[in-house]
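> As given, the protein sequences belong to chains A and B, one line each in that order.
One point on numbering: in the numbering used here, the residue at position 120 of the first sequence is 120, and numbering is uninterrupted.
One point on numbering: in the numbering used here, the residue at position 130 of the second sequence is 130, and numbering is uninterrupted.
Just so you know, the hints here were simulated from the structure itself, not pulled from any lab data.
Only a predicted model underlies this, so the values are computations on that prediction, with no experimental measurement involved.
Dumping the calculated DSS-like pairs for lysine-lysine here, alpha-carbon to alpha-carbon at most 30 Å:
(1) A:K594 - A:K525
(2) A:K646 - A:K772
(3) A:K519 - A:K646
(4) A:K4 - B:K87
(5) B:K24 - A:K4
(6) A:K64 - A:K79
(7) A:K818 - A:K927
(8) A:K816 - A:K858
(9) B:K95 - A:K7
(10) A:K769 - A:K525
(11) A:K856 - A:K677
(12) A:K783 - A:K102
(13) B:K87 - A:K7
(14) A:K7 - B:K24
(15) A:K646 - A:K783
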Amino acid sequence: MLQKREKVLLLRTFQGRTLRIVREHYLRPSVPCNSPLCPQPATCRNDGKLLSSDVTHYMIPDWKVVQDYLEILEFPELKGIIFMQTACQTVQHQRGRRQYNKLRNLLRDARHDCILFANEFQQFCYLPRERGESMEKWQTRSIYNAAVWYYHHCQDRMPIVMVTEDEEAIQQYGSETEGVFVISFKVPASGVSSEKEREGDRQTLKQAPGSEPSAQSPVWGLNSGTVRYDLRQSQTLTRLSHPGAPAFSFLCEKSECARLYLRLERGIASLQSIGPGIYITIWQFSKTARTKNKTQNPLLHRPLFLELGAVYLLFVWCFSLTYLIPGAGLVDFFSLSFVQDFRVVVRIDSWESTSVYPNGHFVRVLGRIGDLEGEIATILVENSISVVPFSEAQMCEMPVNTPGNPWKVSPEEEQERQDLRETHLVFSIDPKGCEDVDDALSVRTLDNGHLELGVHIADVTHFVAPNSYIDIEARTRATTYYLADRRYDMLPSTLSADLCSLLGGVDRYAVSVMWELDKTSYEIKKVWYGRTIIRSAYKLFYEAAQELLDGNFNIVDDIPEFRDLDEKTRQARLEELAWAIGKLTDIARHVRAKRDGCGALELEGVEVRVQLDEKKNIHDLIPKQPLEVHETVAECMILANHWVAKKIWESFPHQALLRQHPPPHQEFFSELRECAKAKGFFIDTRSNKTLADSLDNANDPNDPIVNRLLRSMATQAMSNALYFSTGSCAEEEFHHYGLALDKYTHFTSPIRRYSDIIVHRLLMAAISKDKKMEMKDNLFSNKDLEELCRHINNRNRAAQHSQKQSTELFQCMYFKDKDPENEERCVSDGVIYSIRTNGVLLFIPRFGIKGAAYLKNKDGLVISCTPDGRSEWKPGSLQRFQNKITSTTTGGESVTFHLFDHVTVRISVQASRCHSDTIRLEIISNKPYMSPDTELFHQSSLLLKSDLVKEVTRSVEEAQLAQEVKVNVIQEDYQKYCQTKGRSLYMLLEEIRDLALLDVSNSYGM
Amino acid sequence: MAGLELLSDQGYRVDGRRAGELRKIQARMGVFAQADGSAYIEQGNTKALAVVYGPHEIRGSRARALPDRALVNCQYSSATFSTGERKRRPHGDRKSCEMGLQLRQTFEAAILTQLHPRSQIDIYVQVLQADGGTYAACVNAATLAVLDAGIPMRDFVCACSAGFVDSTALADLSHVEEAAGGPQLALALLPASGQLALLEMDARLHEDHLEQVLEAAARAARDVHTLLDRVVRQHVREASILLGD
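So here's chain A without its partners, still in its complex pose (with noise of 0.2 Å):
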């Protein structure tokens, strides 16, 4: 039975009136507790995810908390907690949209272990507000008061700890009830604890109630400090923008004794428009500023790196926080060593008006500058990824294993599939070393004469059932994440390495796509799709299939599927899989011809490899000529997809996954027509047929880097394929301009993209569909299905970012090492691809890296060449034309750089605190590279990359175990002699001191 209540609000219009609104308020006597301890689930209609039972206490954060602090509340360590609406109200209204969803995600995500209770729909909890009574105080009442009542509904077997940052909430309600501890959010027990801690922390909650908490171990900040800048200076703010960094002063309101003199170098008044409640990552104590990136605005979507104002910030506020913490030790407390030399992630709550800095808090330290791991953390927060390590939960959902208890073929699954173990030749072509292996291939002459092709598809979503914990991480995490050294896999290793993976010689659940194709015209003749088992009998690698394709048979010795058998049956088995390779290159071969007749191009970019890759190697470097096989395998995978894409289509016209590449505008291609025109050669974009004709033709025979730049100008030019919903879009926008078909989707690799796994619960139905079977009500419907494409689209490009990131904190490293004045193999051969006012975009060849050459230095001095090649700086002028720019200095010599033209440079790293280090590229002579081992270079580059990687890896391991032995003896130190870790705050004040003191021009010389 419902109670209604009023509620009158009073609100002000927009003329200035004040408008009274009554509005009804229904009350009920059960909600939703979700609790395990509830005495009755059925009454309080308990059919959400509940509260996991293993907790000490239950956790209820006041609006307040909520409000500032929701990522600490998103830890998955912490648990019990219990959001209660009035909460979830306030941040609704004065947070906005977009941190409310991120709280309705939190109480959606089966992961993590927190639960709304709907406190004002309930008659016991709700309480009117009181005449006079202020909003604040009010929430906070109706928060302690539910606290109360959920305390006794789960029959006081539960001690519940409300955190709060109001100071007289903690003294009015502090000691009322026994059971509902009240205390402050800065105590480190109310929860930042892990679990270590937690047994620690019910000593501290005994006594909490009434006791002023004693912070001794140190919380850093979870709290916010007010920094002001000194507004005597009014000019400050225009002479922040001049990068002759001048200095100014600001002071910290709670402690008037420090007064800090910094250097800026660009300004920051352009942050101010920030609102509060955005991540911002700190990229360290520092002087310099990225000055790239300026079109880009990082403000709303990506963390922003905030230049140094902030980090000054943190460094004051930090400061200023030992004044506001009571009883904390000041020397304890605030130790730089914390943050210095380390990335850390920090929040910005607030930005009030008249500050010049934001007030923030410190979330968490990424790792130690300059260190790897610390800067792959960096990479993953940049770009919003999250890979920690799958839970229990999720481990748990994973069929067994284990070689006591071996997986096997399910018999009911036998008799639904198609059993193909012993009538197909099964195989798969993968890179060598390769795990995850999503897809294999067969090919077979049919009784009446036709061909059959099959496409067979690791079956993932037999093992991951939809909303499945595995499931829900997933989607999440969308895609593997591969970085230049390592990997986050989507699925564990279980599904993705072991009982996905088509292996050898081992039973597997597969979806399969079968096409009965005439003997001779290769005319589709029937197409099948449908779940199969089969035994794949040779894991192949592309070598030894080009071997075998080109009848060479002595590669024989390399696959262990050979080995054993006896000379006949070798030969009679080899035979069989040499016509199979033999038979899909023709096949391929066909359906490629037909595809490129409808304008299929091959973009061959440096980019473009890495994304259409289809293997697991990263490899910004392609050899120049890629195996036959390589595209015999991609072609058979573009045709399942296209396939599959027209049957879910047909089946699903408004929800169905499918992938789209929009055409390009037309005058994005202007800079790539100049740049061949340049060379002589014509580019005609009008179409994906002509523009794919004309780059063929555009083939210097001299220099086979032109037609490759070429080629990843003209990606550059062209939009990214998206996924998208069918129901989102006309029809004619589905089509896909790189691989010219009328409708593209992925569905070859489940194992490594959600999306796919999307397109397999989508075909499954489109198959159940037509047998008139009942259909699973389990897919998604148009609305959620764009929602999703939006997140996959997301998560590929930051998959793209971090990957691309990674490739150049690698680079880095390894030059960082290098001296590049001595060593051979900083100086390489460039190709300049683009010119700029003052300098010229190159292409390193050799390392695959691409950068920018300054012409004219920072003293305004000119480059210029002597006879004999080497460059030198003097004053001059620079000049720019359409293909070329020329230099000229004062004494009259002049210098020009073409497009396309071969340079010499010196590689060297431009390091920074503040952001990741960048590579720094010098003309040194405007003659192509010489060396003695230049034809060595094109074969040479893929080796070196993944020695690249392996090198860096080295030598970091080493740097870490000396530092490990250095901190262990260090450690024993304080302990021996009690000392306390960190800086005193006499030293603090010396360093902001010496900073005042600093010469400007000296740190800034270089």
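Mind docking chain B on chain A? Use the hints.
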């Protein structure tokens, strides 16, 4: 402030109801002695008063008289104080006229007009406080008033509104939910036969969802019928006590 969340993840609406729940309904019949029939209804904070005169001779021009059935004359007005901001005109504006017309259509379908040829039945409805679902409240009040007047009807006419938010149909919208601008539908039902006396919707709604919303509105209208039936029985019991039977 972000847009209001009309239906939370836990399935609660802004005022604490679940999707299919009605607002609190209270009604009384026979509030005025001078009229032939009268009734007062509160649906949540929407309050309406209905008065019925007739059947009586045609007033004004005789030409309006219908030879085979009674003329149903409906007038709708809403008090100047009924909304958050004071209204200018209580009746006679376009909206009121349209509402009057809709009420007339509804009751022509329900009243057995052929029993009273060449006569007239007047139904006056006034909304005292508007908080969403005014049409439904008016119809429900008028039904009770017609019953009070003893005019023969086919059946009760029970009306209820329904809306559609986040692929869920919400019954009996309040003002906040109406103001959010989603599709809404008003339905008047003859519960015994399940026939529709009136169905009105002027927003866009996908055909696939229509059935769901209709179903929600019809179920809510049946619930309203249960309540109105109780009110009528209560009234009859009280009246018979007064008469001393």
